[in-house]
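**Student:** Line order of the protein sequences matches chains C and W. With our numbering, letter number 259 in the first sequence gets 259, and the count goes up by one each step, no holes. Basically our numbering = 1-based index in the second sequence + 584.
Calculated from the structure, these hints are not laboratory results. Any given hint could turn out to be false.
Said to hold, decoys possible - Heads up, simulated DSS-like pairs for lysine-lysine below, C-alpha to C-alpha not over 30 Å straight-line:
#, chain 1, residue 1, chain 2, residue 2
1, W, Lys-696, C, Lys-152
2, W, Lys-829, C, Lys-98
3, C, Lys-307, C, Lys-583
4, C, Lys-175, C, Lys-528
5, C, Lys-583, C, Lys-281
6, C, Lys-98, C, Lys-281
7, C, Lys-152, W, Lys-682
8, W, Lys-682, C, Lys-98
9, W, Lys-696, C, Lys-98
10, W, Lys-682, C, Lys-307
11, W, Lys-823, W, Lys-731
12, C, Lys-528, C, Lys-496
13, C, Lys-307, C, Lys-281
14, C, Lys-496, W, Lys-696
15, C, Lys-549, C, Lys-496
16, C, Lys-570, C, Lys-549
17, C, Lys-98, C, Lys-175
18, W, Lys-696, C, Lys-281
19, W, Lys-731, C, Lys-570
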Amino acid sequence: MQIHRYDVVIVGAGGAGMRAALESGPRVRTAVLTKLYPTRSHTGAAQGGMCAALANVEEDNWEWHTFDTIKGGDYLVDQDAAEIMCREAVDAVIDLEKMGLPFNRTPEGRIDQRRFGGHTRNHGEAAVRRACYAADRTGHMILQTLYQNCIKQGVEFFDEYYVLDLLLTDVYGQKRTAGVVAYQLSTGEIHVFQAKSVVFATGGFGRVYKTTSNAHTLTGDGMAITYRAGLPLEDMEFYQFHPTGLAGLGVLLTEGARGEGGILRNASGERFMERYAPTIKDLAPRDMVARAMVQEVREGRGAGPHKDYVYLDLTHLPAAQIEEKLPDITEFARTYLGVDPISELVPVFPTAHYAMGGIPTNIHTEVLIDNETVVPGLYAAGECACVSVHGANRLGTNSLLDINVFGRRAGIAASEYAADAPWVDLPEGAADHVEQMVTGLLSSTGTERVGELRRAMQETMDFNAQVYRTEETLSHALDDVRGLRARFANVGIQDKGARFNTDLLEAIELGFLLDLAEVLVVGALARKESRGGHAREDYQARDDETFMKHTMAYREVGPDGSSVVRLDYKPVTVTRYQPMERKY
Amino acid sequence: MATDTAAPDAPAEPGAPERFPVTVRVRRFLPDEGPEPFWQDFVVEVFPTDRILDALHMIKWEQDGTLTFRRSCAHGICGSDAIRINGRNRLACKTLIKDLNASKPIIVEAIKGLPLEKDLVVDMEPFFAAYREVMPFLVTTGNEPTKERLQSAEERAVFDDTTKCILCACCTTSCPVFWTDGQYFGPAAIVNAHRFIFDSRDEGAEQRLEILNSHEGVWRCRTTFNCTDACPRGIEVTKAIQEVKRALIFRG
């Protein structure tokens, strides 16, 4: 076992982690721990754009952006956080441009902007051009640009170090951050990193579902680690399904395709979104479009031999526009479905895409241990965090914005805290928990297979906790997940080696996913209303009276060592927008 | 809805594609067990539209958990799963069974020219070290503008192609010069230097060109076009290298 000491340790090297590192690195001694090489992070898969009210191509302002974000989030957004994000969005985009990001340009040479779902002019009048973009690889360019600037600044990375535990030490009855424990993939060695500040930027947990746009590695590590450390998770039942996944595969096709003029059609060619969102049609927020698509399929208007998908139609757009503005998704359709979007309709269906919930933080990215109290020295940003700027449904492009605005804030807050704070002693036997976890799996004679348990989890989640939910389907999912958690105790792996043991890694990841699946389902069962990404067929209306509040899920450990999910709630911060009916 | 891993006993529809067996011949290397690589055959039931990555997952999840490879996004954007398939560098997640001759064993091995760690995993550090050496970041002088720097669409188009690079190493590890001369920067590093040398906002071209003018720089390139063939992003790698060479010849 090795022990390291850094003022700030950042866990995760996607957009939020690297944006934080760029702020923290120059201020204090900083390390970035990442289970993947930084450029492999899933920020790179984001396509369509990053919204900011630059008003480069038409009138816009950050207050309209704030309103859209709050309405898009179905009034579960903490409005102070949304104001900060939308106000700081303008600088966040300019900062990236100055770092070298090659945005597409207007004829005047300014950053070009295009339309995106739910982003409107003057509180819903019409779609507005707010998304700054680099073809359909905006996330790729953000990830590359941030990594390039980390190289420029000499940020210290620990590549392929998988963080498995958060160390908290009791100081006079208060939990304080002491560091993290990591497993080095190449050697199997365990490393303890003592740190004054820890920033979690570990991304989402899309692999809890079967059909997903998420990478295989998006297994909710940071969320599960903090949850197991006794901290709450917020709003985990709100999971976004992106309308346009390649049918059957879940590979993402950007909403920017509709921003460029693409249209969704059912089997008979009807532009069905006109019925669901008469004003902005195909550019309605993702939750509404996903529900509309599922509805079309349920009512028999789906396309294909099983009538189980709808079409994304780009054929009316000029070929040059498609090739220039949407080259990557064009290639995905050609490669994976053998369909050419220039001349053919592309089969699409909703795909699990984004966690609105996560590790609760305040606007300074400080992690909360309850509704108000922060854990000194602990920060979270990006998809793994819930600040909450996305509420019950995130608007397209706001995730790339979130990672830049709150990643930056986390880097500043964590390093400023570390500059003055005293070191906290490592807890007794700091690495014990991880050592037990690793040796337990390596020496297990269990007969359950990781692949089989994961497949069963993903199938029940797809079937029972997807776009539409009921008491019955969710109860079914909960039974299944609890059964799988019990079976997971008897999991065995075949690779007993120390070097690059991805068999071991996948088992640990599955353990995290099973915990999060349970939290998601328990939260969804208790929320007897429909709001944003959480649509209950047995409670179809939004119930502001009872449920305009954040879910806070805690892990309660019983005397026999088994754990259950305990729910509590936290009020929504409202500043200037009272809830109203959500029409588009 | 259809899924990529439907149960094998699902009733086949008339005309629908069916699973068929394919042999995947993997060059294994398990350093904890023995010092020598060896070949091992696995038979998996695949659909024509399955990716090689799907086949590798079937092996790992259903047959042999020790099979080791890197992967993440599974749709060709993260660059984790560059491997050698039937002698060509490709991404496992962008290579479909139907595009290979599945009547013969599909040969799968690690990319060449980087130290082999385990099975299909190589040490990427020399590759990233070369990348870092070419100053792959925007270099500017003077005061920053208040808002964005201006750049015309035409100026941006000059380096658009090389911004697509995902650092998967398919190009560099297909280059015969790189195989024999471990010091050569390799195509990927030059591609990423190109991305900044031709960016109208950048002022570091001179330094970068000097680095690439060195003994192990662009002049080692023998224009065999392996790199261009290998690039899963369709970047015209050899052309980019030629443009850097030309910039060196014609620089003021």
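**Student:** Just to be careful, I want the Cα atoms of C/Lys-175 and C/Lys-528 compared with a cutoff of 30 Å; is the pair within it?
**Tutor:** violated, 34 Å
**Student:** With a cut-off of 30 Å on the C-alpha distance, tell me whether C/Lys-98 and C/Lys-175 pass.
**Tutor:** Measuring from Cα to Cα gives roughly 40 Å; hence the hint is violated.
**Student:** Taking 30 Å as the top limit, are the C-alpha atoms of C/Lys-583 and C/Lys-281 close enough?
**Tutor:** Since the Cα atoms of C/Lys-583 and C/Lys-281 sit roughly 11 Å apart, the hinted pair holds (cutoff 30 Å).
**Student:** Starting from W/Lys-682, check that the Cα of C/Lys-307 is at most 30 Å away, please.
**Tutor:** holds, 25 Å
**Student:** Please verify whether C/Lys-570 and C/Lys-549 have alpha carbons no more than 30 Å apart.
**Tutor:** Since the Cα atoms of C/Lys-570 and C/Lys-549 sit roughly 6 Å apart, the hinted pair holds (cutoff 30 Å).
**Student:** CA of W/Lys-829 to CA of C/Lys-98, is that 30 Å or under?
**Tutor:** Holds, at roughly 28 Å.
**Student:** Would you mind confirming whether the straight-line C-alpha gap from W/Lys-823 to W/Lys-731 stays at or under 30 Å?
**Tutor:** Roughly 34 Å separates the two Cα atoms, so the pair is violated.
**Student:** Does C/Lys-152 lie within 30 Å of W/Lys-696 when you go C-alpha to C-alpha?
**Tutor:** holds, 29 Å
**Student:** If you draw a straight line from the CA of C/Lys-496 to the CA of W/Lys-696, is it 30 Å or shorter?
**Tutor:** Satisfied, since the Cα-Cα distance of roughly 27 Å is no more than 30 Å.
**Student:** For the pair supplied as a hint, C/Lys-549 and C/Lys-496, confirm whether the alpha-carbon distance does not exceed 30 Å.
**Tutor:** Not OK: C/Lys-549 and C/Lys-496 at ~46 Å, beyond 30 Å, violated.
**Student:** Just to be careful, I want the Cα atoms of C/Lys-307 and C/Lys-281 compared with a cutoff of 30 Å; is the pair within it?
**Tutor:** At roughly 22 Å apart (the allowed maximum being 30 Å), C/Lys-281 and C/Lys-307 satisfy the hint.
**Student:** Sort out whether C/Lys-281 lies within 30 Å of C/Lys-98, counting only the CA atoms.
**Tutor:** violated, 35 Å
In this structure, the earlier hints numbered 4, 6, 7, 8, 9, 11, 12, 15, 17, 18 and 19 are contradicted, and the remaining ones agree with it.
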